[in-house]
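Following the hints, put chain C in place on chain Y, whose structure we already have.
Quick mapping for you: the protein sequence lines, in order, are chains Y and C.
Residue numbers for the first sequence follow the numbering used here, so the first one is 1 and each next one is one higher.
Residue numbers for the second sequence follow the numbering used here, so the first one is 1001 and each next one is one higher.
Please keep in mind that the hints were generated in silico from the structure rather than gathered at the bench.
Cβ atoms here follow ideal geometry from the backbone N, Cα and C, with glycine treated the same way.
Mixed in with the good hints there might be a few duds.
Not the full set, but computed from the structure, chain Y residues with beta-carbon under 10 angstroms of chain C [claimed, not checked]:
#1 13
#2 16
#3 17
#4 19
#5 24
#6 25
#7 31
#8 33
#9 34
#10 35
#11 40
#12 48
#13 49
#14 52
Here are the in silico distance ranges between beta carbons for each label pair [said to hold, decoys possible]:
#15 C:1140 to Y:1: 51 to 61 angstroms
#16 C:1289 to Y:22: 13 to 23 angstroms
#17 Y:30 to C:1159: 52 to 62 angstroms
#18 C:1351 to Y:31: 35 to 45 angstroms
#19 C:1023 to Y:25: 44 to 54 angstroms
#20 Y:11 to C:1393: 55 to 65 angstroms
#21 C:1031 to Y:26: 47 to 57 angstroms
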Amino acid sequence: MRLAAQLVSWLALVGTVLLAALFFADRLTLSQMQNWLLGATVVWFVSAPLWMGRR
Amino acid sequence: MAEQEHHEAVDEYEREPVPPTAQLGLKSYVGQFAGEHVAGTELMIGPLFLAAGVSAFDLLVGLLVGNLLAVMSWTLFTAPIATRVRLTLYFQLEKICGRKLVTLYNAANGVMFTFLAGAMITVSATALGVWFQFPMPGLGDLLPKSVGWVVAVLVTGVLFTLVAAYGYKSVARFANLAAPWMVLVFVAFGIVGLRQLGLTSLGDFWNVAQTVIWKGGAPMAGQVKFTFWHVMFFAWFCNMAWHIGMADLSLFRYARHAWYGVASAAGMFVGHYMAWVAASILYAVQLHQDPTNTAVLPGPLAYRACGLAGLLCVIAAGWTTANPTLYRAGLAFQSLVPSSSRFRVTLITGLVATVTAVFPLVTMKLLDFVALWGMILMPMGPVIFVDFWLFGRWGLRRNYAEATGCGINWAAGLTWFLTMGACSWLVLKGGVQIYFVSLPGWFVAALLYVGLSKLLQRRAPAEVAT
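Chain Y with its partners taken away, still in its complex shape:
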């Protein structure tokens, strides 16, 4: 469970930068990028508390 949550969290973080890079490369429009970025944000804040700061 912890490992899965960590994996999801890290993917959300990578996604945050990757989405910006895809907009830079004209693979996403600005609004698409912004919507996905909000999604990545939600995923990070839902998944990270499941493992961050917990033993």
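This is chain C only, laid out in the frame that chain Y set:
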């Protein structure tokens, strides 16, 4: 909430050296610096550089050199003393300067922290402006422009204050959670902003940087023209109170080795390089799209690039940094009246910060405010430095107040006041800009403290017998 619940390790060993068992590794410092220096105010500082007419070379190289100097200051000035004495700044100052002078220092610190918290509340309130569409202050505004703005700041400030007073720990946990995400949203700000400015290939970066983003030239109305030296000194001295001013003795007393000062590079190059550059790019996008819109408002800037996630970043950056700032201000003021309730002091401090946040004066003049803060608190740094490294060798008594039991060491007190006076004179009458004055100020303070201590200790030799 009981006051001991508020602070973590930093509040322990307040009047004794940190023991080896409590010492921390490098990783703790890297994390702490990286988290603390991506604050809401970074979103103001980056754009203000641009408003100051900075050129690409001056900004990018000035920040590089200035941040390196800041890292060296932590590593060579602060950490070596911290890891040798392992005491808090306040206890170290009390030994040298006496309790009364430390109280005054705390009051000055508390006032500056209150204004800084106010600036962070202002930054977060700009995010509400995007939602509610009320008129917000422009670059040159010193007064609020609309009732909506006043209400937004008051609501934001009161919420921040209540949370800082009631739930410091939960926000501190949220800050740890938000830190990695915020850093990457700042990276996204930069990448998206560059594309919005027309950059399509990294090979064109320098050309776009020079001709579209940081074009140099005259500053905007009411702003000081920034050159390489302004940027370098600003980056070096914006945390002057912490490194050369020695406030981070309290932080580094837990470090296993003095070289852990290099961990400050994580804060400087993530927060004070990448974040400032990214925020500056966002402002360049705004000016590119509408040259008449010179308002420096982090909410709209972030929203334009990253939508709702950008707005959340602005709120989180302001909130997570206003929280410890309000808490520190409350701590400083509480030390003036130790019997007062920490909760009540934090509440009052937060409300005062909220009132200051309504007026955009500090926020729009943040570069000057930060430089002023360094200038006011800096003189205690050379006092500690000289006292620790030179006094023993020169036959002068170290930790004079502790040795004599006096409430105020007038050599240190006069050093502080005279240095502030000399620096103020240089700024007001001598034509030296506030960004530069703290460098000569350091030497003035060091010389004054040595000279005044020689006089004081010669006049009262019986008192200073070791």
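Q. Which of the listed hints are not met by the structure?
A. Numbers 17 and 21 - these are the hints that the structure violates, sorted from lowest upward.
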